[in-house]
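Just so you know, the sequences run in chain order A and B. Numbering-wise (my numbering), the first sequence opens with residue 12 and increments by one. Numbering-wise (my numbering), the second sequence opens with residue 12 and increments by one.
If you're looking for bench data, these hints aren't it; they were derived computationally from the structure. These numbers were taken from a predicted model, which means no experiment stands behind them. Be careful, since some hints might not be right.
If several chains are the same, the list does not tell them apart, and a pair holds so long as it fits within one copy or across any two.
No farther apart than 27 Å at their CA atoms in a straight line, the calculated lysine-lysine pairs in the BS3-like style are these [stated by the list, open to error]:
#1 377 to 17
#2 76 to 188
#3 142 to 95
#4 115 to 422
#5 300 to 338
#6 422 to 304
#7 95 to 248
#8 97 to 362
#9 107 to 407
#10 422 to 188
#11 97 to 188
Number of protein chains: 2
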Amino acid sequence: MMSQLKGACLIGQSGGPTSVINASALGCIEAALKSENVTRVYGAAHGIRGVLDDCLYDMNQEDPKELALMKSTPSSVLGTCRYKLKDFNVDDTDYKRILEIFKKYNIRYFFYNGGNDSMDTCNKISQFMAKNDYEIRVMGIPKTIDNDLALTDHCPGYGSAAKYIATSCMEIYRDAKVYGTGSITVLEIMGRNAGWLTAASAIATYKGMGPDLIYLPEVPFHLDTFITDITRVYEEKGDVLVAVSEGIVDENGRYISEILSENEKAKDAFGHVQMGGLASTLANYANSKIKAKVRGIEFGIIQRCAAHIASETDANEAYMAGEEAFKAAEAGETDKMVAFERGAGPEYTCKTVLVNLSDVANFEKKVPREWVNAAGNALLQPFIDYAMPLIQGENKVPMEDGVPRFSNLKKISTCAK
Amino acid sequence: MMSQLKGACLIGQSGGPTSVINASALGCIEAALKSENVTRVYGAAHGIRGVLDDCLYDMNQEDPKELALMKSTPSSVLGTCRYKLKDFNVDDTDYKRILEIFKKYNIRYFFYNGGNDSMDTCNKISQFMAKNDYEIRVMGIPKTIDNDLALTDHCPGYGSAAKYIATSCMEIYRDAKVYGTGSITVLEIMGRNAGWLTAASAIATYKGMGPDLIYLPEVPFHLDTFITDITRVYEEKGDVLVAVSEGIVDENGRYISEILSENEKAKDAFGHVQMGGLASTLANYANSKIKAKVRGIEFGIIQRCAAHIASETDANEAYMAGEEAFKAAEAGETDKMVAFERGAGPEYTCKTVLVNLSDVANFEKKVPREWVNAAGNALLQPFIDYAMPLIQGENKVPMEDGVPRFSNLKKISTCAK
């Protein structure tokens, strides 16, 4: 039951970038460019901010070869934003402006590529347009390295971040053990509320070269237990590699990084509080209890942009999510997000399904407690089985002069700047 | 004039590991295993410490396929050490022990794979053996991501670290610019005294996606000039990406990281001195002068072990250095280090030459001042021309389960443990 709608298409990117967010945009843009129902394809500069500023890039004028390079180019080529729309029942200023711009360019297909907050934005826009009888198809395309979106088996971006983390953990494991003189290394991995990224370090452990201890925000963290854990491993192996999520909390939900900053034990020789990141403060705390060479390593933003080691599976699925979002919208769907459903059976398969934006917006999916061991310091086989298929294959990155050749778009814009 | 010498061969790895240090060891080990003059091939566990402890691994018992995987395995498979031998005129205890072990296993070929300190160790051992009329061929195989060894055009390990740094800078550049809301990002790159690694970030700038400002330890760093520099870029571009060497110093040779720790300006709201690394303290200092989103990123040890993006040129040359070291020793050379000589002409070529260990030991080669602009905040074309050939090609890394398949040696050892 195809309900035909002709008009322009607009895609925006939002929230923290990933290694494959542009693969999703590309899937959507290429499908839209091919469609007879689409009169023009636009990209919003810096997400919804570009709509509010009337700053849209004309994708029809881009070289298809440069567009194609988006498949392996990290970090939101269209620019991103962290802009939260108000409730339109309270203040509809932004929404009126969005409607004005949609009308100006006859936007009839709107795609928003992001995480929980972006799905909320997408949902609100969809509702406002319906309320104002503006015919438009609005679709969310998931994206987040955090992997915390509800109603989808996993999120585009996670597999690549997980592959980077697993690989780097293996490399650092090899490095940390070479001296054989006893050391404690603490790796700090992204993920404020959900431990999916930190859990990915368990893939390295599964391969025999990973963290000895892994702590997620899902399980309350105790400094005393931590010291008991590392002491045991240190005595057994001589070297300890620890992975912690940046968001580990105690049983009262207080961030361990905060607790350590105020902790007497973390003061330096001059009585000053140590102000470094969690990795170094936790390493220093360990050192106050166990005399060993300690080191704190913060993986940092490279986790979300290391396109040079992106997962082929992830990049292909990210592309598919964008492509399927367009196809579904063209077929008449609106107010939905494309989600992934994993097939049953031993062989990994993944297909897209549609879920309601309102069911996804503002929820966070955590790592199931039963995938973590009782002691709360290791991941169990179900997690490995879950994560392993997502990191398979290497996304092809064309190289030039020994470094990646990323996409260079012309970005011919509707705004002056 | 071949002077034949029959006996066992021993190779040790020393100092900080690199992504390709094992490629050099492999080049030497494979050549030795093929040689009719070599009765047995040993690897020293943790460098010279393994010799002192009588802990040698029997390379003849290793699976050739696992050995071959050393070409793409980071971080000293034999283990490493930071052990400085005393002057044997002062204390020859260690040397006597080394001679004892050499005699026990009839070691007639000794290779030491490392940086300046290791070449000094190598040189001292060579002298002691000569003085004691123990016939042995002693050769140094260069290795250091720091690229600071004298009398060689470049060092194995540097090209891969440079490739990782250039690629990551490009990826972070894309990431740092996506919000378009104004930011200052400070990247801290390894290199205590020589700026070669930090300079590698200029390759990203050359490709249009790199640091706006680059500061090396070779040029005195002034906090005032730094603020002037970033203010100018911030006003021009809105976002600033800065690369600094961990070892930047003021005109009196004082580390900037030290100065900032004591600087009033770097105190936090509670009056406590900020104790983070240089990247974050410098970012905070910038923020005390310019109101912007700031971020400090320390690349850390992944710079020296990111084998997943090693340079093919570097890995091949590293192998060649090890292979040529053995061949030269077999042909009668001793007390030498294998060095690289770059051919003249526009096409990059590289061949090995031999230099005296005593001429290399304990010297540090710096980035020439004339390769840095007058303002001391950017690299000039001669550096790009120098560095670019060293990062070419991608070293093949066999993958298994979506992550690298590193070498697993049996390490059948002469010692109990």
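Please name the hints from earlier in the document that this structure breaks, with their numbers sorted from lowest to highest.
1, 5, 8 and 9
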